[in-house]
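Below, each chain spelled out in residue letters.
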Amino acid sequence: MATATLRSDSAHSAAPPRHTGRQFAGVGVHVLAIAVLAVLVGVLYQATFVSLAQLWNTNPRYPFGFFVPVLSLAVAAATWRRRGPPLSCDVATTDVRSGLLVMFVGLLAHVGAIFIGQVPLDVASLVLVVRGALRIVGGRPTLQVYGAAALLPLYMIPVSLDSLTPVVAWLQSFTARGAAALLDLAGVPVFADGSILQLSDFTMIVTSASSGIRELEGVLAVSLAVALISGRGRRFCTVLVALSVPLAAGVNIVRLTAAGVAFEWRGRAAAEQVLISFDGWVIVAVAAVLVLVTAVLLSSLTTLIPGKRMKSQ
Amino acid sequence: MKTLLRILLVAAILGGACYGQRALIAHVQASLLPPSHQIAPSPSALPKSLGAWRGEDETLGAAPTAAVGSLKRNYFHSATGEVATVYVTYSPAGAEPSGSREAAVAMARGTADSAVPSKFDIGPDAIAAQTCFVAGENKRWLFRWSFALPTLHEPQFDPVQTAYRRLRITPPHVTIEVFVPENYPTDPDAAREFVRLVDAAMRPIIGYDARPAGRRSAGLTLVSN
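Sequence order for the protein chains is E and U.
Read in my numbering, the first sequence has 189 at position 189, and its numbers run on one by one without any break.
Read in my numbering, the second sequence has 210 at position 210, and its numbers run on one by one without any break.
Treat the hints as calculated values from the structure; they're not laboratory data.
Note that beta-carbon positions come from the ideal geometry of N, C-alpha and C, so glycine has one too.
Mixed in with the good hints there might be a few duds.
[Claimed, not checked] One side only, chain E facing chain U, incomplete, derived with CB under 8 Å:
hint, residue
1, V31
2, A33
3, L44
4, V91
5, L101
6, V105
7, L107
8, F115
9, I116
10, I136
[Stated by the list, open to error] A few chain U residues that don't get close to chain E, going by computed Cβ distances all over 10 Å:
hint, residue
11, T3
12, L14
13, C18
14, K48
15, E56
16, D125
17, A163
18, N183
19, T186
20, D199
Using the sequences plus the hints, can you model the full thing?
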């Protein structure tokens, strides 16, 4: 008779596997060792973090910057809880050599960044240094399970996606239609024409800036982090990350709908106030809520299809 | 290798990198002083007679930020009476190259006939950005081009500091702007000829080793000693 077992990397498995090899000392020593290394990395990249903070403060297009290091730490903590600390007794000499090489390249990039003053290069060097250090202290298995957490800081670099014209055009149309549908549901009379939303005495135009393209990078980071923290495997991760595009538009759908409802109930000034104040941390919070709700719904959906998550022995 | 040794190895690399970084930054930032003997060209040396054009100096209003040694001169064509206004601005090393306030205001407020200024080849190596501003029936052309001046070799700096200076300090710049109103259809062509005359007259003043700055980003311009 065929029996079924849950996938070994599933969050639902009874005992989450830890990477092979004898573990190093107690939890306290793990925490101390990782804390010392983290502080040293922090001191080494102190100026980079200051530059990034200035960049995020002065760039209204990227309110997610401050959130990315927190997401990265959260993914690392979830990985620790699920797969054990990033230290191992069994590390091959080749892993140590590879780690040293990667750290060396990262430090070289850091020196280059000091000379040319390019923050993105410095962030890339940070990722390389952390990945090299992980390989030295934990070997290849540690790098495989913690690698994603070490790559997330790349999202700290604001990237302009405004030039992706087809995506922007689709997002504009999607956002306008989504907001019109929600306003209809809320009983607000609205007429949608392309990227224009016409309320009785108030017009909202979905420009490229308010299409969701500027939130896309941040929503991608949040989706990836939530998927990794959930530990539900690659398929779940891929679907959730792919949903980032409509979710980025969803942030602006919420904004336009809120403005439309405010106009209906409180008038033009209230609607304009909603449009103005819907910025920075509000965008991050709405994006996080949308991603979390989507992840929970997606998780429930995959639980309802058990055949996909089991395999015959 | 024992786990503790590997942790100590990583800690030693990171600690050494922190120390090295601190020393490197202190070393290179000591070189971030203004050049001690940069020779600023004198814009007023621009000849007052350029072909059929005769120049009259005008007092410059508020000086552009971080720019020194500015010149404003009106040139009158002896035959047609056409007027061209020339601004020459010198920006020292470390300052962002800036032009005249009038050009900045024109670019900020004026209605240009094109969002992107078109290019005008002055000579074999210099390109001016030309923009036509329209206000009602009036048209006015602005030609703007600049040169990065070579920074002088300063022996007190070692190769590391010199490399840092070259990468981080914007070299001194001379920016030239010419405003010409368009009253007749032939005026733009006459203006372009005048721009060539101004460029030719400025070359000996700023030095033939100055490099036209329109082709590369000023922030990353490398200038040979």
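Whether N183 of chain U stays farther than 10 Å from all C-beta atoms of chain E, as the label says: Fine: 40 Å to the nearest Cβ keeps N183 of chain U off the interface.
Cut-off 8 Å, beta-carbon criterion: hint that L107 of chain E touches chain U: holds, 5 Å
Assertion that E56 of chain U lies outside the chain E interface [Cβ separation over 10 Å]: holds, 44 Å
Restraint check, 8 Å cut-off on beta carbons, for I116 of chain E near chain U: holds, 5 Å
Residue hint I136 of chain E, partner chain U, criterion CB-CB below 8 Å: Interface hint status for I136 of chain E: holds (5 Å vs cutoff 8 Å).
Cut-off 8 Å, beta-carbon criterion: hint that F115 of chain E touches chain U: At 5 Å from the nearest chain U Cβ, F115 of chain E passes the 8 Å test, so the hint holds.
Reported absence of T3 of chain U from the contact zone with chain E (all CB gaps over 10 Å): violated, 4 Å
No chain E beta carbon within 10 Å of D199 of chain U's: holds, 32 Å
Closest C-beta approach of L101 of chain E to chain U relative to 8 Å, hint status: With Cβ-Cβ at 12 Å, over 8 Å, it is violated.
Nearest-CB test (10 Å) between chain E and C18 of chain U: violated, 5 Å
Status of the L44 of chain E interface restraint (C-beta, 8 Å, chain U): Interface hint status for L44 of chain E: holds (5 Å vs cutoff 8 Å).
Agreement of hint V105 of chain E with chain U interface, Cβ distance less than 8 Å: For V105 of chain E, the interface hint is violated, since the closest Cβ of chain U sits about 13 Å away, which is over 8 Å.
Hints 1, 5, 6, 11, 12, 13, 17, counting from the list given before, are not met by this structure.
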